[in-house]
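With chain A fixed as given, assemble chain B onto it according to the hints.
There are 2 protein chains.
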Amino acid sequence: MNAAIIVIGDEITSGRKIDTNSSYLARELGEIGVAVARIVGVGDDIKEVAGVLREAARAYRLVLVTGGLGPTHDDLTRQALAEAFGTRLVLDKPTAAYIEERFRARGLEAPEAVKAMALVPEGARTLANPVGTAPGLVWVERGTEIYVLPGVPSEAKAIFSTSVAPELRRRSGRDFIKTRVLRTVGITESEISEKLAKVIPELKVRLAFLPEATGVDLALTATAGDEAQTLAALESAVSEIVPLIGDRVYSLTGEEIHTVVGEMLIEHRKTLALAESCTGGLVAHLLTEVPGISASLERGIVAYSNKAKVETLGVCSDLIAEHGAVSEEVARAMASGVRERAATDLGLATTGIAGPTGGTETKPVGLVYLALAYRGGCEIARHVLTGGRDLVKRRAAVRALDMVRCYLASRE
Amino acid sequence: MNAAIIVIGDEITSGRKIDTNSSYLARELGEIGVAVARIVGVGDDIKEVAGVLREAARAYRLVLVTGGLGPTHDDLTRQALAEAFGTRLVLDKPTAAYIEERFRARGLEAPEAVKAMALVPEGARTLANPVGTAPGLVWVERGTEIYVLPGVPSEAKAIFSTSVAPELRRRSGRDFIKTRVLRTVGITESEISEKLAKVIPELKVRLAFLPEATGVDLALTATAGDEAQTLAALESAVSEIVPLIGDRVYSLTGEEIHTVVGEMLIEHRKTLALAESCTGGLVAHLLTEVPGISASLERGIVAYSNKAKVETLGVCSDLIAEHGAVSEEVARAMASGVRERAATDLGLATTGIAGPTGGTETKPVGLVYLALAYRGGCEIARHVLTGGRDLVKRRAAVRALDMVRCYLASRE
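Quick note, the sequences are listed as chains A and B, same order.
For any residue, its number in the numbering used here is found by taking its place in the first sequence, counting from 1, and adding 564.
For any residue, its number in the numbering used here is found by taking its place in the second sequence, counting from 1, and adding 564.
Do not take every clue at face value.
Any copy will do: because identical chains look the same in the list, a pair fits if it lies in one copy or spans two.
[What the hints assert, rightly or not] Straight-line Cα separation of at most 30 Å, DSSO-like style, residue types lysine-lysine; simulated pairs: (1) Lys657 to Lys834; (2) Lys871 to Lys721; (3) Lys762 to Lys679; (4) Lys762 to Lys927; (5) Lys742 to Lys871; (6) Lys742 to Lys657; (7) Lys768 to Lys742; (8) Lys927 to Lys742; (9) Lys762 to Lys611; (10) Lys871 to Lys679; (11) Lys871 to Lys657; (12) Lys679 to Lys742.
Simulated from the structure, these hints should not be mistaken for laboratory data.
Isolated chain A, as found in the complex (with noise of 0.2 Å):
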């Protein structure tokens, strides 16, 4: 089945924002096995819309559109569904009691501007929408379906995965199409294309290289006649990729590092203290996006003075005179210091240059020492890393995480 995504909103054909739902939208269709052959950004004009409606209904089976649901002025889908395809906006009582309601239950009157967002071109169905206001909308056009959901992200997503998908998937039944991700870090898509040189001609999947910001990822697609087939290729892939590897993959199926690393800590019962000097908190916010790392993220403490690295984890003074804080000594200080104080099983500090300035010759920007205190030891890295700030903020946190998965993985 071809499908359109229509992208509604000044936002985007000012440029003011970059569009990531159509994104999202083709890569979640792509795996129930829809193509789509076409996007379209219009901006908030009636006619336009409208007119893009129309086209879209005639030339494809399946329509997605995003945006222009809101409560405010410029918010004109609604309208521009009900021209296009000649209906006209009626009350739609279940959306306006559950709108009434969302309010109340925060002790508040819903005001009109919002009241309006119950108004749906008469003949179309609602989708729930589980974490906004705006419910999405479903239009059928001469056997065409047109789905509309809220521009918000949050809300298309959730609309989006728990009404549209399934209800695509159950009728779809075609070829199964599946991606896996493998994540690495620590070693550049030439090194990898160079070891996998051998088995990439004979990959019975699809192979592409994704380099990210602080690690590459390889998609591997599969296309077959059914779910059990495109499973089995993937599985065989992977089982001949991941050795040529080795331990640089910390993901076989695209989670990110923070929640591999705070799933195994969990599931280890492994307790671990956080020293941050560089990455300024970075380590500590991405462990606690985990559900249930209570259990193992004992306390974190962002030292961002020498006076902070003394009081709150015993560093002692003489040794940030002597190296500097900056430095291997002063990383391992750090790293048992809040290891010994919060009496965990795993202490882990960062210390850098974040930039963009107080680099130095022989300290420049990026420099970065990293430790992990362990009951009889602590190990020691040392990166020298590039990019802005905020990227070498990001790129020392998925090092930092990275030593306490192998130290983790090590002793399974």
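Just chain B now, with coordinates in the frame of chain A:
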């Protein structure tokens, strides 16, 4: 003048890559006074691309195309252009010489596939590529100008800014368009809409609401005959709008709240210490994105466990036992405790239930207490935030930063 942008590539229609070129080009065109009416994404298919090119040439006076100019088998834009407008590919000698020279300079022989990039549609003009091998192309079809740029963003930008923009600017001599983004927090789209209801019809600028997960942005776009007039129209709109929304506006120029707060702290020479529970280091991470923040941010404590709250912040364990870790009392003790220990001007604390588990009837998921301690006092805020774990964290962090902003602003 109305324009269309066409983005070519399977990586876009499959969702493997997010298209950023169209957003860049739309913004740049806007600055020259050219409005983009439509953005079309299409896969690597000669017939589809040729069809889109023909449609666009009929409907618009200016068409910008990116993608499909590279050396590989799926780079088909040159062929599609030839097919769309009934011409054939011929060798462009200056381009062929340029390509050979680029390779010779590196001591290499140009591969055959790369040499094919010198084949251009007969009748097309080429545009120099200052940062890559593939030249840009210009094709004129019955008065419509079609500019074709590579898909690699750095190459598209280089050719656009050095060749396309100057050509368009020379000819337009028309309207200037400028956009300003006001950012708000703690007020809903519909509340803003009501407050502005009276002035909206009289504004001399276009107003768009851009709801984000952590607040609502307002984009103001002015169009006028010269730069001074557009800037004056924006100034006047800002001065009408801002007083109606009051202190809920945290930026008049589109900055993130952590940038605003970080720069205020540095400018006011105020020091800050953080005590984070539910935000898990996110506030520290955001503030440490701001260069120079080390002068203000003394430390951050991620006190995830009760033990850490007691040991690192001096919170009394009886207080936690009596009121629970998520309570006004504990928030206050965390903020005061970290401020005292760090000897800073301000102490900022967060405690709450980020979810997905841990909620109770009286303390639901999303309940957050925030505290800001200063000399002689402590402010408390209580919020019930919606969304998943990551959204609750982000929303709590933004609200916490906003307390610092309001405190500093009230003392200016």
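At most 30 Å between CA atoms: does that hold for lysine 762 and lysine 927 within a copy, between copies, both, or neither? Neither. Shortest intra-copy (40 Å) and inter-copy (58 Å) distances fail the 30 Å Cα cut-off.
At most 30 Å between CA atoms: does that hold for lysine 871 and lysine 679 within a copy, between copies, both, or neither? Close neither inside one copy (55 Å) nor across copies (47 Å); limit 30 Å.
Pop the pair lysine 657 and lysine 834 into one bin, within, between, both or neither, using alpha-carbon distances up to 30 Å. neither (52 Å within a copy, 53 Å between copies)
30 Å Cα cut-off: does lysine 927 pair with lysine 742 within a copy, between copies, both or neither? neither (46 Å within a copy, 41 Å between copies)
Give the relationship of lysine 742 and lysine 657 under a CA distance limit of 30 Å: within one copy only, between copies only, both, or neither. neither (40 Å within a copy, 42 Å between copies)
Is it within, between, both, or neither for lysine 762 and lysine 679, if the alpha carbons may be no more than 30 Å apart? between (62 Å within a copy, 19 Å between copies)
At most 30 Å between CA atoms: does that hold for lysine 762 and lysine 611 within a copy, between copies, both, or neither? between (51 Å within a copy, 26 Å between copies)
Have a look at lysine 768 and lysine 742 and pick one of within, between, both or neither, based on CA distance no larger than 30 Å. within (13 Å within a copy, 51 Å between copies)
Within a copy, between copies, both or neither: which one fits lysine 871 and lysine 657 at a CA-CA cutoff of 30 Å? neither (61 Å within a copy, 51 Å between copies)
Using 30 Å as the alpha-carbon threshold, which applies to lysine 871 and lysine 721: within, between, both, or neither? neither (45 Å within a copy, 38 Å between copies)
Within, between, both or neither, where lysine 679 and lysine 742 count as close if Cα-Cα is 30 Å or less: neither (41 Å within a copy, 33 Å between copies)
At most 30 Å between C-alpha atoms: does lysine 742 with lysine 871 qualify within a copy, between copies, both, or neither? Neither: 53 Å inside a chain and 46 Å across chains, both beyond 30 Å.
When the structure is compared with the earlier hints, violations turn up for hints 1, 2, 4, 5, 6, 8, 10, 11, 12 and for no others.
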